[in-house]
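K.L.:
Using the sequences provided together with the hints, build the complete structure.
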Amino acid sequence: MRKFVKTLVLILVFCGVMGTVFPAPVQAVSTPYDWVLSETVSQFLDDIPRDYYTIMEIPELKRKSDQENALLIDLRQPNEYAAGHIPQAINIPLRTLPENLDKIPQNRPVILYCTTGYRTGIGVMTLRLLGYTNISAFPPSIQGWKAAGEPLEK
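Counted the way mature numbering (1 follows the signal peptide of the UniProt record, and there is no 0) counts, the sequence shown spans residues -23 to -1, 1 to 131.
Hints should not be assumed to be uniformly reliable.
Stated by the list, open to error - Straight-line alpha carbon distances no greater than 16 Å define the calculated EDC-like cross-link-like pairs of lysine to aspartate or glutamate that follow:
#	residue 1	residue 2
1	Lys39	Glu127
2	Lys123	Glu34
3	Lys39	Glu130
4	Lys123	Glu57
5	Lys131	Glu57
Worth flagging that the hints you see were computed from the coordinates, not collected in a lab.
This structure is a prediction, so every number in the text was calculated from the model and none was measured.
P.N.:
As structure tokens, this is what we get:
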């Protein structure tokens, strides 16, 4: 079952990322597994808690990082990360999440961010579908961090 979910997540991530690069075909082809994907995503969306995006303010992000030893994960590409990231964040590009699960702890808070929040949402959904319950998002992402005048680490 875990392998099926991992494969499903990879397909979702690939489709989400590739869907922004290539236009959608005029007529989609339906497969026998469409209902599985639809049911899985529907169940996930039904189970989203009210505080899905719990970290909206920089002071709370800093508090969680300092006091709760939260791991910050930058989901951007390595060149984006190298140009500047939130201090203490590690880089795991969105497309590589499934291959890097060993770097993502389940016993402490994990906070995801990207440039605008788009990849963050996909990352949170991916990890939650894989059974992680300690994942939260920082939707203001790096743009919000920079707009607040916070320092970047290189």
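K.L.:
Would you mind marking each hint as holding or not holding in the structure?
P.N.:
How the hints compare with the structure:
Annotation: proposed proximity of Lys39 to Glu127 holds, straight-line Cα distance about 11 Å (limit 16 Å). Of the pairs offered as hints, the one joining Lys123 and Glu34 holds, with about 13 Å between alpha carbons and a cut-off of 16 Å not exceeded. Between Lys39 and Glu130 the alpha-carbon distance is near 15 Å, which keeps this suggested pair within the 16 Å criterion. Between Lys123 and Glu57, the direct Cα distance comes to roughly 14 Å. Compliance with the 16 Å bound is thereby established for this hinted pair.
Using a Cα cut-off of 16 Å, the hinted pair Lys131 and Glu57 holds, with the two alpha carbons roughly 10 Å apart.
Checked against the numbered hints given earlier, the structure satisfies every one of them.
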